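Trainee: As a plain string of letters, each chain reads:
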Amino acid sequence: MNYGYCQQALRINLSEGSVKKENSSEDFLKDYLGGRGLNIRRLYDEVPPEVDPLSEDNKIFIAVGPLTGTLFPGGARVNFTAKSPQTGILGDSNTGGFFGPELKFAGYDQLIIEGKADELSYIYINNDQVEIRSADDLQGKDVFKTQKMIEKEIGDSRVQVACIGPAAENGVKYSGIFCNKVRAAARTGMGLVLASKNIKAIAIRGTKDLGAIDTEKFKKMIKEFDKKIREHQEYETRVRLGTTQLVSSLNEKGCLATRHFQTGYFPDADKVSGEYLEKKYKKKEKACFSCTIPCSRFFEIDEGKHKGLKSEGPEFEGLAGFSSRVGVNSIEDSLKAVDMCNRYGMDVISTSECISLAMELYELGILKKEDADGLDLSWGNSEAVFTLIEKIKNREGLGGILADGSLAATEKIAKEAKNLAMQVKGLEIFQADPRGIKGYALGLAVATRGGDHLRSEPWFEFTENAEEGEKRFGVPESAFRLEYKGKGKVVKFYEERCVLADSMEVCKNTLVNMEIMSFKEAASLLKALTGFDFNEKEMKKSAERIMNLERAYIVREGIRREDDVLPERFLKEGLPEECGESAGSVVELEPMLDEYYNARDWYIETGIPKENKLNELGLEEIVKEFRKREIY
Amino acid sequence: MYDLKVVVEEIEGFCDMPMEIGDYFEVKGGKLIIPEGKHMCIWALQSLMTIIPAKQRELAEENDWIPYTKRLTCPDPEGRVIFRIDRMDPVTGKKVEATEKRPPRILVDEDKCTGCRSCETVCSFENNGIFTPVYSRIKVEKDEEEGKDIPNICRQCGDAPCVKACPVGALIRDEKTNAIIVDQKKCIGCKKCTEACPFDAINFIEKREAPLICDLCEGEVECVNICPTEALRFENGGGN
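Quick note, the sequences are listed as chains W and G, same order. Going by the working numbering, the first residue of the first sequence is number 1, and it counts up by one from there. Going by the working numbering, the first residue of the second sequence is number 1, and it counts up by one from there.
No wet-lab data here; the hints were simulated from the structure. None of the values given here were measured: they were computed from a predicted structure. Careful: at least some of the hints might be erroneous.
Capping the alpha-carbon separation at 20 Å, the derived lysine to any residue pairs in SDA-like fashion look like this [stated by the list, open to error]:
no.: 1; chain 1: G; residue 1: Lys28; chain 2: G; residue 2: Glu126
no.: 2; chain 1: G; residue 1: Lys148; chain 2: W; residue 2: Lys540
no.: 3; chain 1: W; residue 1: Lys540; chain 2: W; residue 2: Gly618
no.: 4; chain 1: G; residue 1: Lys164; chain 2: G; residue 2: Lys142
no.: 5; chain 1: W; residue 1: Lys284; chain 2: G; residue 2: Ala98
no.: 6; chain 1: W; residue 1: Lys283; chain 2: G; residue 2: Glu146
no.: 7; chain 1: W; residue 1: Lys485; chain 2: W; residue 2: Gly374
no.: 8; chain 1: W; residue 1: Lys227; chain 2: G; residue 2: Glu126
no.: 9; chain 1: G; residue 1: Lys142; chain 2: W; residue 2: Glu151
no.: 10; chain 1: W; residue 1: Lys223; chain 2: G; residue 2: Glu126
no.: 11; chain 1: G; residue 1: Lys28; chain 2: G; residue 2: Thr50
no.: 12; chain 1: W; residue 1: Lys208; chain 2: G; residue 2: Glu146
no.: 13; chain 1: W; residue 1: Lys282; chain 2: G; residue 2: Glu146
Just some of the chain G residues that point at chain W, by a computed CB distance under 10 Å [stated by the list, open to error]:
no.: 14; residue: Tyr2
no.: 15; residue: Lys5
no.: 16; residue: Glu9
no.: 17; residue: Glu10
no.: 18; residue: Gly13
no.: 19; residue: Val108
no.: 20; residue: Gly115
no.: 21; residue: Asn128
no.: 22; residue: Glu144
no.: 23; residue: Asp149
no.: 24; residue: Phe204
no.: 25; residue: Ile226
Think of the CB as a built atom: it goes at the ideal place given N, C-alpha and C, for glycine as much as any other residue.
When you get a sec, could you build the whole thing from the sequences and use the hints?
Mentor: Okay, structure coming up:
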């Protein structure tokens, strides 16, 4: 019987065709908690700066956390980590669904995939049995078809499949790994890493016993958390709309990414909102493994040109990415574009950024029609959006340029347009305008995997409670989204909450946005689950250790303060008049960075963690390595 | 024999007869009596006809649903006029309630199921202390492309084929809850019950050589409690 942890990792070397089981010690698990924490530790140790992300020497780490597969609501998650071929730094992406729990039931906390298979293959893990099977007939198949064919071949409807689509096989930099059809670990190009290893999919079936060491206490605590969640003021909205609620709420605040961040207000938002989707096409709520907040949905379009289109989803990022960001005011067209990305296996954020970038360059006359394969890239032309998605997937014409990501695309199209690529460290940013949410802006600038909001999610800045701001962060302004003061501390706090969520592998909805669990409660829950002697202080330290290790990883790759930056538009151009309260706002990045590095105890000039901070966290060997590499 | 009073209790759809809420007819012996000036829809009547003679009589079949079922609907899918059938004492003319209440069972509404499988996890954990849904007595079959999530659990059949199939009498019906209980001491692991179940609702654990059948957790039905969308309910069908 496994209790929370399986204390076992499975190492598969594709070049050698070998499979090895490796034990993990209690101390190692306590220091790195699980999921994201386990993965960064191994990535740091096993994939040094000399490794080319698309070479055989890159490795992909797939890990679950202690709460994955348990009754904890939303304990469904799994992290995929490798050196990113999209950004060249930390690649890390996380998804829900049912794949993570199945990995745990098969008896593993972590899979390590290294080397390269001779031919296109898929990995089939059935508890202790591991097979590398030919994926000859799966070549070029989309995500939906691939999962279905593998399920059929194995003959078990309970097998869980994580796979790549044709975008990854064709070399799209932002291709992801998809589970349960639409559950995507889509960021930082983890799909392309799998493709580079000739792996089309990983299929898992697990039936091993997983329990809690103190069953009664665990049961009691779970009931309390479940109650807290169901009584939370946000519960009902989250069930009704999930993340799609953000289309209208961000638009009201004047910070919904519109026409490639030219403005934060989309006049047609009510035609593409979560509320509109709910009213028109939502059939029912959907949820990840063992989650009592069904924040996802199943929809079916029953009229018009996309009649018959049905799927689980979308999330806010896809919905807004293919509506406001590209100026499209038809929800049906937006749903169609999201569905295409899901089937081809590409990230909706990066795809929508690349297309909206092309549209802005077209508007500016930098990208001419003849260089755009004859496409009319006017805002709102959804047919052109569909064509570009298709072209990106196939790496054809303009699609071939956009398939490398927005930063690389500007280098090819027009170097002077580099500032228009809405990315940080090569990773495209989300569908909210950073100028209207300054804590998020800082979060994007410093996120360890590049421009991403899910590394911090400092939602506290929406609370507008000055007293709480003073109490929690010593700065009343920290509770207000348009203020910059205190945000360094806020971001540090929420970064560690996100580490906790990603390492225990539970959903950020509950752990970060609803803040239903303190570090103290987390320690007590993990103690009841695993029997390990967790305590609040050590857990906080572990979260900080994981953060610092990720920073150390990207510092070793060459990242410094000057890379913790935002696209120029957010620093210099105020949001337009129509953006209401947010009008005129720009991001005061430099003072926020100073405050952040101070809060982290990193060198202000360089953003490198100080020696004493790393030593305090038990990362002395990194101090030594940095000295050797002359980083200090 | 009872007299019956059949009343229009609710109209979910649109009825163009029209039948109206409160309209009724009575059944006394072999006669059907409609109040003067009122009418009765023949389509609704034909759907009610089969149960009328049965409701008039005291039935003593084990685990029979007829004595406890009150509400029946008209056959028009657009109309959905719901009738309530009350038993009346022919002497006093007063309503007779069923003396024993039928114990509730787990009802499934698959259109509401989110497919989260919390019910499986909680079932396995509450009964076995193991999260792995291998030990669950409820199973959710999923079709992700079609958005179908279908929970499957013992229906506590009236004339349960699993009980009849057991060669050693290891399956008994719990008197209080009406659930099928497996006497693990008597069970010889022959799998006959599992094969006999027409709903494939028995989870036979090969390594334990034992069938798992929903025992309704002595009334503390954790799968129902955890379900966030009321796709599972612990109630009686038929409005009782």
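Trainee: All the hints need checking, so say for each whether the structure fits it.
Mentor: Verification of the hints:
1. Lys28(G) x Glu126(G): violated, 51 Å
2. Lys148(G) x Lys540(W): violated, 41 Å
3. Lys540(W) x Gly618(W): Roughly 13 Å between the alpha carbons, so the hint for lysine 540(W) and glycine 618(W) holds.
4. Lys164(G) x Lys142(G): violated, 30 Å
5. Lys284(W) x Ala98(G): Not OK: lysine 284(W) and alanine 98(G) at ~37 Å, beyond 20 Å, violated.
6. Lys283(W) x Glu146(G): Holds, at about 11 Å.
7. Lys485(W) x Gly374(W): violated, 48 Å
8. Lys227(W) x Glu126(G): Given that 20 Å is the threshold and the Cα spacing comes to 18 Å, the pair holds.
9. Lys142(G) x Glu151(W): holds, 12 Å
10. Lys223(W) x Glu126(G): Holds: lysine 223(W) and glutamate 126(G) sit about 12 Å apart, inside 20 Å.
11. Lys28(G) x Thr50(G): Measuring from Cα to Cα gives roughly 16 Å; hence the hint holds.
12. Lys208(W) x Glu146(G): Measuring from Cα to Cα gives roughly 30 Å; hence the hint is violated.
13. Lys282(W) x Glu146(G): holds, 13 Å
14. Tyr2: violated, 42 Å
15. Lys5: violated, 38 Å
16. Glu9: Violated, about 28 Å.
17. Glu10: Nearest chain W Cβ about 24 Å off; hint violated.
18. Gly13: Not OK, violated: glycine 13(G) not within 10 Å of chain W, min 20 Å.
19. Val108: violated, 14 Å
20. Gly115: With a minimum Cβ separation of about 6 Å from chain W (threshold 10 Å), the hint on glycine 115(G) holds.
21. Asn128: holds, 8 Å
22. Glu144: Where the cut-off is 10 Å and the nearest Cβ of chain W is about 5 Å from glutamate 144(G), the hint holds.
23. Asp149: holds, 8 Å
24. Phe204: violated, 14 Å
25. Ile226: holds, 6 Å
Hint violations for this structure: numbers 1, 2, 4, 5, 7, 12, 14, 15, 16, 17, 18, 19, 24, all remaining hints satisfied.
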